[in-house]
Amino acid sequence: MIKAMRTAATGMSAQQMNVDNIANNLANVNTPGFKKSLLEFQDVLYQQFRLPGTATSVGNQVPTGLSIGYGTRPSATTREYSTGDLQQTGASLDVAIEGDGFFQIQRPDGTTAFTRDGSFKLSADGRVVTSDGYYMLPEITIPENTTSVAIGTDGTVEVIQAGSDQPTQIGQIELARFINPAGLIAIGHNLFVQSGASGNPNTAVPGLNGNGVLNQGYLETSNVKVVDEMVNMIVAQRAYEMNSKAIQTADDMSSIANNLKR
Amino acid sequence: MIKGMYTSASGMIPGVQKQELVANNLANVNTAGFKKDRMFTKELSRAEKKLVPKKADWEQPMVDQLYVDYQGGVFDKTDNPLDVAIEGDGFFQLQGPDGSTALTRSGTFAVNPEGYIAFPGGFLLRGEGGPIQVGNGKVSIAPGGEVEVDGSQVDRIVPMTISDLSKLQRLGGSLFKSPDGEELRPAVSAQLRQGYLETANVDVVHEMVDMIVSYRTYEANARALQSQDQSLDHLFQKVAGSGR
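Residue numbers (the numbering used here), protein chains in the order written: chain A, 1 to 262; chain B, 263 to 506.
Excised from the complex, chain B in its bound form (with noise of 0.2 angstroms):
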């Protein structure tokens, strides 16, 4: 009786988590090159297994399987220059005022005072011979990703990818970061688009529906876990009857 509690109780966990993850998908529905999180509810076995669970396996992770769905946005024309998408796999390679890389699809540069291509939060823009110096010319961008000032070429922007994307970490800031020791590629099927930025890949019908099931299914548990609490009810009550 109070096991079942217990699995009643931990069906109701994921479903706050899930609605912390929808939540952010939804306040990101408008973020430039957002990649949305996706999560499957990962089956409570091992304590289940167990006779005598104790408390750690109970305060396992129940949402294991948590993962950053990297499928494309779509592109939203904005007329500025210096707004890049990405048609195909691959991230714009950052540079940080510490001289660490970050990876972004999010593609909303601008020139700094020196120069350089910049994105916002200090990081510069690299292209194949390190940050990209553009000065107050004319900037214009190939397809192919070469960079082009007043009509001649000055670098060429690579997007990167590595061979196992849901190893990348996410910094916030619209930044992903790639594991130590971890190969940066060039992306194989990458086209620039300039002039034009990639939505959030946010699907908000989908959104609505898993925080509707999500919903449904915390408030069943939580039913689940009433109804049992009101069975011991009925039970102290019968034993302490019988005992009068």
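Chain A extracted, bound-state conformation (with noise of 0.2 angstroms):
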């Protein structure tokens, strides 16, 4: 009796973490760059009764097992890396990328981390840095008497500067790539973190080696379809439902149980 009651917790916790799962894709709705992720499930441990084929007590084989299932558990969180739609903005440093890649960004302390939001910034001395001002790598400064920046979809990155008509090139973006994006470490500010799952990055300039291209003067929004995250909601609560009512029912018949003397 108290079994029912553990499984059915199992899957209350389950859709509970669900439901925490599609909260942060929804309030990452309008964020550049979010890539959403799908929590999935699997069916836990068998208590075997009787296993299939074992010997009956008159020499048959019994055809069908008996086992009681304990539950379900949370096995992943998949991040879906599809391209989110490109959004005009038309400031100079907002890049997307339209298909596979991460912006290689420095952190404070010195490691890598990748992200997939373009919305970059200049910092007090003209480097190009994201909105929490690290910066981007290969490192790129903008010189002090520019007019205008061009950054082409291979990356490359031009500016014209007061005086001269002619574009000069300044520096080069590269995209990282890597074999299982799925298993990059997300670490809050539009970043992610390599992972011994995710393998390492190659990097290699837009265009090439499967890496998308670059669009400048727009940034990439979300790829959370708000419609699906409504019905995956309904889903999750309504299995969080039914699961407490298996409890309530464990719970009565206990009860009938408990009753039995008088």
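Bear in mind the hints are in silico, worked out from the structure with no lab data behind them.
Small disclaimer: the values here were computed from a predicted structure and weren't measured.
Here a beta-carbon is modelled for each residue, glycine too, at the ideal position from N, C-alpha and C.
A hint or two may mislead.
[Claimed, not checked] To give an idea of the interface, some chain A residues facing chain B are shown, with a C-beta separation under 8 angstroms as derived from the structure: (1) T72; (2) R107; (3) R177; (4) I179; (5) I185; (6) G188.
[Said to hold, decoys possible] Derived lysine-lysine pairs resembling DSS-like cross-links, with alpha carbons at most 30 angstroms apart: (7) B:K265 to A:K3; (8) A:K225 to A:K121; (9) B:K339 to A:K3; (10) A:K261 to A:K3; (11) B:K339 to A:K245; (12) A:K261 to B:K439; (13) A:K261 to B:K429.
Grab the two chains, each in its own frame, and use the hints to assemble them into the complex.
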């Protein structure tokens, strides 16, 4: 009896985690470069009362086994790296990646993080930084007397300086790709860091080695689809409700058993 | 009289197990590729027929007919290129870290750091030529199972099945194990759908009805047990009264 209650409780806590995940997706519906994640579930251990194929007392084999499961568990949050819609902003340092790849960012501790959020800014010393002030790698410094910045689809950064009408190339943006981007660890601030599961980054210029191309003046919106999330939320809520009913029923049955003795 | 009480009690036990089964089905209503458990309650004939049943007769499991319903679920579009659903029968064949073979309907795959298509828990998806290595290219999977990386075919996924599905053993973690010595054979009518997951085949209305029925059966048997207990009580009082 208690088993059914615990089983249903695993269902409730799994759905709770599911709603947590959906809430995070919805909260980031306007975050540029945000990638939605999907919570996946697995069933857990089965108590085997009798294995299929074991011999019965009269020498036959039982055709089917007897096993009862112990509920569910969240197995993975899979981050989905499909490209979001590109939104025109017109800002010269807003860059969207159309296709695969990540911008490389230097964190204050010297390690490299990766992002799809291309809303870059300038630091006081003219370097290209993220909204948090982290440098883009390879570092790109925009000269002081620049009148306009042009970022090509292949990542070349050219500037036109005051008093000149010829563009000068001052840098080259490189993108990183991973064998298993789903294995990257999200650390907040739109940043990801590599893990044992993601593999090492392969860097290349945009448009080569499977990397996407860059679009200056655009931002990649999050790939969260609100309708999908809403549907998932309803499903999760109903599943939560049903599992609570299973607990209630199990409890009522315990109560009946308890009242057998007058 | 006492025997009737045992009968009522044995009618309660399947209610408990049914409830445990329903709870597990409901807990897994969102588990990809989950197959629900069903059960029939076996008639308690063996012990009933005996005039003097032994304790062992009463202890026979009464929920004999418990089986996994392998009916397909519906397909849920996820757009993740490594989510694959099998339309029709058959299972994905997985290779465990220790070389063992497991089967699953849950197509929630990812590429591991070595570039193989992997299943949570360290399992690798097997194609015709063993584990499938795709590197960091773009993976596309055709309905016939052909795995292409950047346009060139690297392997083929063949959903496998066994002749008698009821012999499969559940391992948990969405895995099934085929019995030792049982030959796996390719599934006849299987098509793969990339970017989809198969949902659990749990029908919630059915489960709710089952829950109510098992609850009421349990309750009715409990009532029957209680009224027999009351009759006994009357009897004892009468006997005790007449003796006085």
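Right, here's what the structure says about each hint:
1. Annotation: A:T72 was flagged as interfacial toward chain B, and the flag holds, the nearest CB pair being 4 angstroms apart, inside 8 angstroms.
2. Annotation: interface hint on A:R107 violated; nearest CB of chain B at approximately 22 angstroms, more than 8 angstroms.
3. Interface restraint check: A:R177 against chain B, minimum CB-CB distance 6 angstroms, threshold 8 angstroms, status holds.
4. The interface hint given for A:I179 holds, since its Cβ lies 4 angstroms from the closest Cβ of chain B, which is under the 8 angstroms cut-off.
5. Annotation: interface hint on A:I185 violated; nearest CB of chain B at approximately 13 angstroms, more than 8 angstroms.
6. For the restraint placing A:G188 at the interface with chain B, the shortest Cβ-Cβ distance is roughly 22 angstroms, beyond the 8 angstroms limit, so the hint is violated.
7. Note on B:K265 and A:K3: the hinted pairing holds, with a Cα-Cα distance of about 28 angstroms set against a maximum of 30 angstroms.
8. For the suggested pair A:K225 and A:K121, the alpha carbons sit about 28 angstroms apart, so the restraint of at most 30 angstroms is met.
9. Restraint check for B:K339 and A:K3: the C-alpha separation of about 34 angstroms exceeds 30 angstroms, so the hint is violated.
10. Our distance criterion of 30 angstroms between C-alpha atoms is met by A:K261 and A:K3, whose separation comes to about 22 angstroms.
11. Pair hint B:K339 plus A:K245 holds up; C-alpha atoms about 29 angstroms apart against a cutoff of 30 angstroms.
12. Pair hint A:K261 plus B:K439 does not hold up; C-alpha atoms about 44 angstroms apart against a cutoff of 30 angstroms.
13. Straight-line distance between C-alpha atoms of A:K261 and B:K429 comes to about 42 angstroms, which puts the hinted pair past the 30 angstroms bound.
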